[in-house]
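K.L.:
These are the residues of each chain, in order.
Protein chains: 4
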Amino acid sequence: MAAQSNLAAVLHGIGDLRIEEHPMPVPGPHEVVVEIRSVGICGSDVHYYEHGRIGDYVVNAPMVLGHESSGVVVDAGTSSLAVGQRVAIEPGVPCGHCEQCRRGTYNLCPDVVFFATPPVHGSLAHYVAVHEAFAHPVPDSMSDDAAALIEPLSVGLWANQKAGTGIGSRVLVTGAGPIGVLCALTARAAGAGWVGLADVHPARLKVASTFDIDDVIDAREGKDYADFEPDVLLECSGAAPVVTAGIKALKPLGTAVLVGMGASAEQSLPVATIQSRELTVTGTFRYAHTYPDAIALVASGRIDLDALVGATLPLSDSEAALKMGQTDPSVLKTVVRVQE
Amino acid sequence: MAAQSNLAAVLHGIGDLRIEEHPMPVPGPHEVVVEIRSVGICGSDVHYYEHGRIGDYVVNAPMVLGHESSGVVVDAGTSSLAVGQRVAIEPGVPCGHCEQCRRGTYNLCPDVVFFATPPVHGSLAHYVAVHEAFAHPVPDSMSDDAAALIEPLSVGLWANQKAGTGIGSRVLVTGAGPIGVLCALTARAAGAGWVGLADVHPARLKVASTFDIDDVIDAREGKDYADFEPDVLLECSGAAPVVTAGIKALKPLGTAVLVGMGASAEQSLPVATIQSRELTVTGTFRYAHTYPDAIALVASGRIDLDALVGATLPLSDSEAALKMGQTDPSVLKTVVRVQE
Amino acid sequence: MAAQSNLAAVLHGIGDLRIEEHPMPVPGPHEVVVEIRSVGICGSDVHYYEHGRIGDYVVNAPMVLGHESSGVVVDAGTSSLAVGQRVAIEPGVPCGHCEQCRRGTYNLCPDVVFFATPPVHGSLAHYVAVHEAFAHPVPDSMSDDAAALIEPLSVGLWANQKAGTGIGSRVLVTGAGPIGVLCALTARAAGAGWVGLADVHPARLKVASTFDIDDVIDAREGKDYADFEPDVLLECSGAAPVVTAGIKALKPLGTAVLVGMGASAEQSLPVATIQSRELTVTGTFRYAHTYPDAIALVASGRIDLDALVGATLPLSDSEAALKMGQTDPSVLKTVVRVQE
Amino acid sequence: MAAQSNLAAVLHGIGDLRIEEHPMPVPGPHEVVVEIRSVGICGSDVHYYEHGRIGDYVVNAPMVLGHESSGVVVDAGTSSLAVGQRVAIEPGVPCGHCEQCRRGTYNLCPDVVFFATPPVHGSLAHYVAVHEAFAHPVPDSMSDDAAALIEPLSVGLWANQKAGTGIGSRVLVTGAGPIGVLCALTARAAGAGWVGLADVHPARLKVASTFDIDDVIDAREGKDYADFEPDVLLECSGAAPVVTAGIKALKPLGTAVLVGMGASAEQSLPVATIQSRELTVTGTFRYAHTYPDAIALVASGRIDLDALVGATLPLSDSEAALKMGQTDPSVLKTVVRVQE
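Residue numbers (my numbering), protein chains in the order written: chain A, 1 to 340; chain B, 1001 to 1340; chain C, 2001 to 2340; chain D, 3001 to 3340.
Simulated from the structure, these hints should not be mistaken for laboratory data.
Each hint should be verified, as a subset may be incorrect.
To be verified - Examples of chain D residues toward chain A, derived with CB under 10 Å:
#, residue
1, His3030
2, His3097
3, Gly3104
4, Phe3285
5, Arg3286
6, Ala3288
7, His3289
For every residue, glycine included, the Cβ atom is placed at its ideal position computed from N, Cα and C.
Chain A extracted, bound-state conformation:
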């Protein structure tokens, strides 16, 4: 590998993103070097850019953004991967030794190293090093953009697994951002009998209506979600009133999965309803073991990730990519084509 330069999108402070040289990654044991192709912009990237922090995670030093990424192996190290292998990169590498890792629930590893979560650098760069087990091969039929979006798809897949979505499930998704749409598409791919996607933003509703979802619900119209008799709620808005309305709409023994993060650590929930209907409320934190399944879903045509991509920009326009949500709210997902 003769590459000398490793341009990256580095956040230096609130609203201060610079495209600059970043040290070439030096692969450690079990690591490979990947030449990055596509990086999806996530709400967390935008949040760090706009606020310099997410909760307790504070950007105190320059940090490369980006964690939804795909690329090509250029240095296979001692791994079983081949140089030239196209991969989707799982952005969090757990310690492998703690109780959670030993039990297979590695998303809850307290020592996970996760791209673009301070102080760990992200993957919005020409090259990154990654543990071989987290560089997942993708077939040639899958685009670079789709391979990058295996990451948010994993969030949707995990939410549906937590919910137990299966054949005949009636799934209400609240919040029609990229995660909400992917939750809905995954529910459909899992055999849900009905999938509804609700939001209040006209632009989002319009985009949502282009997907194969049974009902796109304009939540401003005051429709009672209970009329749809959902038994699963995948809550992707994080808005407290939506959480409450969604839970109250569930059928007895239904399950609510809180995916979206709320503004405050505590929220009022309809406890009496949870008890009288024996509902289950849980939440998701990232995902575990989802990549191979998510790749299979996309490779077999069950979910079309390219349809989510509303804008593509070169690395040099990364700042514009971060602002795309404001510039054009009809863009569901922006992808940075790093090598363009």
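Start from chain A and add chains B, C and D according to the hints.
P.N.:
Same frame as chain A, now just chains B, C and D:
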């Protein structure tokens, strides 16, 4: 059956309990008549006596109290039960036809007929009629009192089943009333590796310490429940701060079961913790299919229900029985011996 | 309802099928009368026709065949169904009172009354009476034939539920008859990452290849199923060597569901493999609670049942319908259009 | 640590066990050195001694026997354990990197290194090195013998977890050797409503009757197990007729766990019964994550492992220990006190 008289404890209004004649039950199809022996006093009986209502359930007409009951079959009707069979009476008979009944989750039947839930009369009477399938035979080795307390034991058993308590579980129970104690004893019987029972009332803590529970915790001492590393919370106090503290103490992937009813329909819950640890929060509404298992647990000596009985009174002293919690807080469970 | 005549296909003995008058059904409590439209021919119908028995079930008296049926409500009785409602008929009505019924596992009810299982008459007739809860409404967009085939789809759906098929599952189906094809299509609808369907009959393989299945496997070619790394086996052939080969192909912790009935009650299974890989082997007996979900799957376009119908015949040609498997093995499913 | 000598019981060939010097263990990374105290004799040790092999595992070179062991940490290496810590040793250390390890099902790791499984040396020695995560601390209240028997208890615990034994389960255990007894005791500790233990050997039946098991069944008397209405079978005999009889006795939806290894890789099973009752048949291979739970069960007094120990012998009498099953069949478990 030559009985002519059916004395019962009838609530006529707040604080107005009368021991008076009640119509002899006429068994319908599939029903048997049971001569009641023991009736445990439940907090709901006390609440109706003191307040005339529980939430939307209002005592608008005279109502017989009591739903924790045992007795002897005196008219077997067309059932397969024998006259003379001692039985524990499951107090709620579902419709048998709705979706919940067909799926086996009959505790959620919207048309259930439940003893001493307005306008349905209870079983604090000399005789009641009950569906044969809900008159569960008990062995001669089991006392009448214990047979009556199969009802609250069912609540504890159901809570543990919802929680998935099993071998090695670390179970924190908050609230050391009868339900809390029974949740704790059931957890132990289910193989829990550690069981803790927390409360703030000295009398309750003293009673709790007489049972085989690993830690009886004085919650006034500010101990952090997290130090016990519970993976199950069985919340029996209904107090919002306790619910929050209990949930926050859970290990990742832990489960909280809300058993106790709170003062308000909505409560603030630590949503961010639920998400970051992928906790599960659920609640219980009565129980289903628990009676045979609960009877087996007691019959085989794994749980001693008689040890909960702190006072026994004749039917004529039913009012004193309802006031026992105030009179002597060291009495965990009061039983009315109906035929005495 | 002015109907006077109720023609039916009545089996009088081996190879002796007569289209003759059968008593008009008189609806009992909770029953409706359905004018039958489509009846799928099942292997069990053929087996009774050819052998006069299936195991312990012997046709000792004339019996109407057929149990995969759809129609229109013509007498709604006291039900909530409307006259004119098109319905898919669930052919087995359980007792509603036994332990299995109370627990919701009504397919295991020992007293179930099931169409065309001696001595119960089937539905290959102009009119049948059926319990309202087992006459499932279907939307107008669903054909009569598809509504009839909700029955075999239920078998496939139940098999997948037992198997826990979900997103990313790798499902091997052995035996490419109608049940095998429906198992495969349901697996795909449930999000399976890979679905393979194996058989040895060229005609069946050819038909199978017209469906959206990842791999149609010619089992005569000696391919090792383990190469596909299945974690689910849905065994629909009943052939002992296939059962063994299928189980041995499973990945550790995989699940085998035995759907097809074998020639003998006992079969040799690879027990050492079951132990060393901790495999799960189970079987299915009919299905429970599947109709609404199966209807939703078809109504929403996720599964196309009409594509299975290779031949349609009028009631008068019922005998030809029973012989279709021999006449033309490329016909996957034959449907009798009763009113034609 | 000043130890110079490491006496061990080394199997040189069939019937050729020698107490001789074995190299002192040199701890690798993450390993500690344990001074062994108690080692339980397992049937596999006896089998290697008598036959030189178990299936494909052949003793081709001298091998230290023993894998049920406890001891004291004498060299803590870089671990968090303290010198002097008493530990129960989990005898199989998985690779930590394969799919099974990553998913938490490490007992199925194909590269596990397991004591006294050729060519890996066992722990019937004065000193062994072991990975710190597999040296589980035990409280001072637990005897060395009990700590050693955490290993077979883990087998019983795992079997019950696979079976889903819980409150009210009716558990039939077939085969009253040490594993059968531990399966039964664990079932009881998990809240089983009934536990039966069946065997044909008078000595074993007599020993079994000393434990708190609901029914000890003399299988020679031709009793039909179905009379006990078991819903769980824990099969510990490996005898094909017993497997079949046990499965046929199960209630609908029951579960059979095959723990005992049979004489042949394939066995005839009652497939028609498995299907018509929708039974589940599975097997166990060792265990995973059981040690902490098993230690908690014993430490809290729920299971008394010392009661299983029928004979204790010094290391010098290891050969007599291996022959104890023949010498005195009333000895359920023999323990070698290594330092005596």
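K.L.:
Take the hints in turn and mark each one as holding or not.
P.N.:
Hint check results:
Taken as an interface hint, His3030 (chain D) checks out: its beta carbon lies about 8 Å from the nearest beta carbon of chain A, inside 10 Å. Taken as an interface hint, His3097 (chain D) checks out: its beta carbon lies about 8 Å from the nearest beta carbon of chain A, inside 10 Å. With 10 Å as the threshold, the beta carbon of Gly3104 (chain D) comes within range of chain A, its nearest partner Cβ sitting at about 3 Å, so the hint holds. Proximity of Phe3285 (chain D) to chain A is violated relative to the hint, the smallest CB-CB distance being about 17 Å (cut-off 10 Å).
Because the smallest distance between the Cβ of Arg3286 (chain D) and any Cβ of chain A comes to about 15 Å, over 10 Å, the interface hint for this residue is violated. Below 10 Å, beta-carbon pairs count as interface contacts, and Ala3288 (chain D) has one with chain A at about 9 Å; its hint therefore holds. Interface restraint check for His3289 (chain D): the shortest CB-CB distance to chain A comes to about 6 Å, inside 10 Å, so the restraint holds.
Violated hints, in rising order: 4, 5; the structure is consistent with all others.
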